[in-house]
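*Asks:* Listed below are the residues making up each chain.
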Amino acid sequence: MTQPWRLAAGGTGIDRARPIRFDYDATRYEGYAGDTLASALLANGVHLVARSFKYHRPRGIVSAGAEEPSALVQLAQGAYTEPNTRATTVELYDGLVATSQNCWPSVRFDVGAVTDALSPLLPAGFYYKTFKWPATPRWWLRYEHFIRRAAGMGRAAHAPDPDRYEHQYAHCDVLVIGGGVAGLASARRAADAGARVIVCQQSARFGGAGVDAGAPIGERSADSWVNDALAALAACADVTLLPRTTAFGYYDDNLVGALERVTDHLHDPPPALPRQRMWLIRAKAVVLASGAIERAIAYGNNDLPGTLLAGAAATYTRRHGVRVGTRVVMFTNNDSAYASALALHEAGVEVAAIVDARSEAALTGAGAARARAAGLDIRAASLIVRAHGRLRVSRVDVAPRNGGKAVPLDCDVVAVSGGYSPTVHLFSQARGTLAYDAGSACFLPAKSPMAIVPAGAVNGYREPARAIADAEAAADAALARAGVAAARGSTPFPAPHHDDERMRVEPLWSVPAPRGAKCFVDLQNDVTVRDIALAGREGYQAVEHLKRYTTLGMGTDQGKTSNIIGLALMGEQLGVPIPQVGTTTFRPPYTPVTLGALPGPAHGAHVEPTRRTAMHAWHAEQGARFVNAGLWKRPHSYPRTGESEDDAAAREARNVRENVGLVDVSTLGKIELSGRDVAEFLNRVYINRFDNLQVGRCRYGVMLREDGIVRDDGTTSRLDATHYLMTTTTANAAAIMQTIERLLQIDWPELDVYATSVTEQWAAAALSGPKSRQVLAALVDIDIGNEAFPFLGVARCSLHTPAGRVPARLFRMSYSGELAFEIHVPADRGRDMWEATLDAGKASGIMAYGTEAMNTLRVEKGHVVIGAEIDGRTTASDLGMAKLVNANKWCIGKPLLSRAALNAPDRWQLVGLRARNGERIPRGAKIVADPGRALPNPMLGHVTSWCDSPHVGASIALALVSAGRERHGETLWAVSPLADAKVEVMLGAPVFVDPDGARLRG
Amino acid sequence: MRRYSSTPTERGFVADPTDAQRSADDRRTMECDDRGIAVTLAEVALPLAWNLRGNASDASFAAEARRSLGVPLPAEPLTSERGGQGDTLLWLGPRSWLFVGASVSMRDDFDTARMAINAARGALFDLSASYVAWAISGVSAPRVLNRLCPLDLHDKSFLPGRCAQSLLGHVNALVHRPRESPTFIVMVARSLAADAWHALCTASASDGYRVEVSRPFDSVAR
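Sequence lines, in order, name chains A and B. Going by the numbering used here, the letters in the first sequence line up with residues 1 to 1002, in that order. Going by the numbering used here, the letters in the second sequence line up with residues 1 to 222, in that order.
If you are wondering where the hints come from, they were derived from the structure by calculation, not from laboratory data. Worth double-checking, as some hints may not be accurate.
Stated by the list, open to error - So, partial list: chain B residues that the calculated Cβ filter (under 8 Å) puts toward chain A:
#1 51
#2 55
#3 120
#4 121
#5 127
#6 146
#7 149
#8 150
#9 152
#10 157
#11 159
#12 171
#13 189
#14 190
#15 194
#16 206
Unchecked claim - So these bits of chain B aren't anywhere near chain A, every CB distance computed over 10 Å:
#17 73
#18 77
#19 85
#20 154
Predicted model, so just to flag it, every value in this text is computed and none were measured. The beta carbon of each residue, even a glycine, is placed where N, CA and C say it ideally should be.
From just these sequences and the hints, can you work out the full model?
*Replies:* Set out below in structure tokens:
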């Protein structure tokens, strides 16, 4: 298909030699390289592209940039689909597929448009007013489905995002936000001074509005000025030019978030490149050269397709060589529309009239003179009061401003300019204040506590020479903030003399609303002039209330073209000046950011890092099932072919009791302590004594929180006179290390103690079972007989492995209750140790066992574990370790141990439970005296850990039960309403195996 | 045509350096592109790594540290000192340094050094098996590293000899620039090495990268 609305010549931004084919609403169209989806659609005469949010009114393309409120389309298909993309910023590529959204069955005939007819029933805030009744939430559930469908935008993809996103940190002296004429002038100035500079430009092309307006810069064309600037910047090693990059957020200390669309404009991107790259730029100073956004004027049916901003009409004409219509009427309150009108006129588009709200006497600008000279029909002191048409504007009613009779004027495009609003969003995010400038009828940046300097059109200077001079001054100010000396010399353009250099705008926000036609303020959210008046009457007058009540300025465009109109109208209604109405807070992101870009590469398996022990690969090779323990992966069990995980764990546990097993305990926290005062330090952090721990011995210890509750447990070994090794639970390893550092650095700096985490240094395995000694004896070079190496002994030794001699630390401690040894070797030898031990144990029937068997063994032995018995509520006494608390020394938590509540006789105490009648104790069951009693049934305690004990041959559990130690021998009930189970349990001591400890001491 | 390497097996990064050497041969490598813009990743074998602790303003401790390790304490935070053999003492934080020895022969001296430093009210801990290190080099090295690490790695900012503890993606990392050329040594905890390697390869992909066999520490540091 040809492009009937493409001008025969012109289009500075398109390449007519490179045609591009794309599909919109299942129709194949053609555009050119350099087109946006919007310009390509206009080149094909497609103005109607969307249905509006609330009333489903037909909408067209309004702007030519990121501010677009209306032309939102669904881009791409399947997992790649992206809703609510602005057709005005989508770069055209071969094979692009887009569809209109929020309409059914089609954008031309949309059933949802019935809401427009019902609009008297749907005033501002109808949502809040209507759905207050009936009060039962069930009714809301019925409405919700239909409302969400009717009032909506595009649809998100339901498949996982197939694209890759990248993060990129960067640092610079001066970050220039905006690659227009002002931004490039600032960047050049900063680069000349030798500064590190980054320039973010939202679109693919640098130059911005200055190039699109086509006005010369000094003696030269804007294009050649921009090309020179780009060439000069590209030659600087420390300048980074980032096209297609939107600075979306300004954070503390000049940290700016920016989104680079790396391959969005490519149909077939190189697989190595990410789709988008999120930049986190830490700048010493920022020049904000983000330009200004044109705004409309509200009149009747000002949302009909064919209604554009005047500057956008000129951009489509000059940059894209598009004929926006056959007959254009301009409507303005300022001089800028004359330049736009002339751009259209020169391109051969008929400009039927320029309707200017200002009086004839005010039309003294050069633009008006040129327009007159060109023979254009200027209608001063006039207003467009209403537009007519169904799917496209066909006629407007023009009336004198003083209230005379309206005359119709045929047209198919209305190009409107209500003035320009500087793009102050990031300045405001930088906690900058804004000041209202009455002359140009806009908010200008005032002061920010951060190093951000506005430049060019953001300061109201749209004329290129003025903008350049302002931008160079801004660059010098930014360099000063960055601590870089400014370069000498400057361009020949005189610095602007502030207020008088800004474009004058005679404020006109809305025409008197005609009957029967809606005057839209916010096109994206269908907020009309009447809605704002209603909100004011109902008391929602504060600007933040106005926003929430009417939805003005919400949505993907965040009111870029509409906010100021809304708050000006509120000011008129309240009779207060605009500065007093204020603005809503600008928050990041400036334009929408794809969710995938925020996590970047951290998704799927990489949402959080995974820690693997030195023996991980072996576990995986043996088909271990892994469980997460914090960030660690630990083997749960090693099921054999056809074996369930539970059966595997039972087999592994039984084998430890009967033969010998090996378990990977590398994940335990390990902290080495060194210095003369370690014994004193340990005495202060543990409830039990450590000052009498001999070299070559280890001891179990319990730490309390400051409130006396048990925090953690583990062993500490004395390796030599000044050198100790503490172990913590896997869960608390980092937290205990932090506490130790705090204690040593802040609380007790006088102690000669240094601590370092050595969790990463040592691979550790526990060898448990009656045959463990005979297995280990074959490996080590020391005597590990009971005399030479008794229970709780510690020794250094060497292991003989097929891979050579491995230095090791040996600990005779037991978690399983069996004769057991812990073997620690440097992590790079972990696998050698592991495999050598398994080899040595073959004849003894050794098996690796996982955390599930380990849990079974420790429940049988009655060892407490963090998270179950050590649950943040239990004291040492509750856990049966009252005797461990040394009476003759202070320790953390001890002063509060004497509180009455921690010593009450009915406290829940650790007991063992054994199921009667061969039943299985339900998980997390509560303990009651009588399961048949009516609810609420008094709870005597709860099950903390449980297992099917191969050793006992029954279901057993550990439980915390009120006055549990007094109840040994009693029968109570473990009930679980969730599992609908009740099991009779016998209470006893929390140890089911070897109560005298003969096995582990043997 | 650029080819991109896949993530190698994790075997090399959780076992000993010789194992890493072997598995490096398994890795598919890729060539640099025409422009020569690429980044080279190579595992660095760390013969020994000791954590030195003590009070730098205590002259007897500083003297003993220098005597035992053969390298003076770095005078400034975030800097390092290098001895003749490539032995390097990296500042980690107040009263904490990492000594990376260039040869395994010093391993046997650990107990002696520890006792001597203990006597000077300092401490020495052996962390030789705790880290996995990579050298990231080539003109793209700072940019690639900055996809994971928020430090300012510019030539004028991260000067030769600099070191800092920071992040590599989600993982804590020690970043060190041993000399003039754009080569960075990045050290991460051994248990997190497989993840960190994956992140490093992913971050390098858009520039094109090459994996070299592992290199001894002194060849990178000197």
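*Asks:* Compare the structure with each hint and give your call.
*Replies:* To see whether the hints hold, each was checked on the structure:
1. Hint on residue 51 of chain B holds. Least Cβ distance to chain A is approximately 5 Å, under the 8 Å limit.
2. For residue 55 of chain B, the suggested interface contact is broken, since its CB lies about 10 Å from the closest CB of chain A, more than 8 Å.
3. Annotation: residue 120 of chain B was flagged as interfacial toward chain A, and the flag is violated, the nearest CB pair being 11 Å apart, outside 8 Å.
4. Annotation: interface hint on residue 121 of chain B holds; nearest CB of chain A at approximately 6 Å, less than 8 Å.
5. At its closest, the beta carbon of residue 127 of chain B sits 5 Å from a beta carbon of chain A; the interface hint therefore holds under the 8 Å criterion.
6. A distance limit of 8 Å between C-beta atoms decides the matter here; for residue 146 of chain B the minimum to chain A is near 5 Å, and the interface restraint holds.
7. About 7 Å separates the beta-carbon of residue 149 of chain B from the nearest beta-carbon of chain A, less than 8 Å, and the hint is met.
8. Satisfaction of the interface hint for residue 150 of chain B is found here, the shortest Cβ-Cβ separation to chain A being roughly 4 Å, below the 8 Å cut-off.
9. The beta carbon of residue 152 of chain B is positioned within 8 Å of a beta carbon in chain A (closest approach about 4 Å), and the interface hint is therefore held.
10. For residue 157 of chain B, the interface hint holds, the least distance from its beta-carbon to any beta-carbon of chain A being 7 Å, beneath 8 Å.
11. For residue 159 of chain B, the shortest C-beta to C-beta distance to chain A is roughly 14 Å, which exceeds 8 Å, and the interface hint is violated.
12. With a least beta-carbon distance of about 5 Å to chain A, the hint placing residue 171 of chain B at the interface is held under the 8 Å criterion.
13. Taking 8 Å as the C-beta contact cut-off toward chain A, the hint placing residue 189 of chain B at the interface holds, the least distance being around 5 Å.
14. For residue 190 of chain B, the interface hint holds, since its Cβ comes within 8 Å of a Cβ in chain A; the closest pair sits about 5 Å apart.
15. Because the smallest distance between the Cβ of residue 194 of chain B and any Cβ of chain A comes to about 6 Å, under 8 Å, the interface hint for this residue holds.
16. Checking residue 206 of chain B against chain A by beta carbon gives a least distance of about 5 Å; that is within 8 Å, so the hint holds.
17. Residue 73 of chain B, annotated as away from the interface, keeps every beta carbon of chain A farther than 10 Å; the closest lies near 15 Å.
18. Residue placement check: residue 77 of chain B keeps its beta carbon more than 10 Å from all beta carbons of chain A (closest about 16 Å).
19. Non-interface call for residue 85 of chain B relative to chain A: holds, since the shortest CB-CB distance, roughly 22 Å, exceeds 10 Å.
20. Not every CB of chain A lies more than 10 Å from the CB of residue 154 of chain B, the least distance being 6 Å, so the non-interface label is violated.
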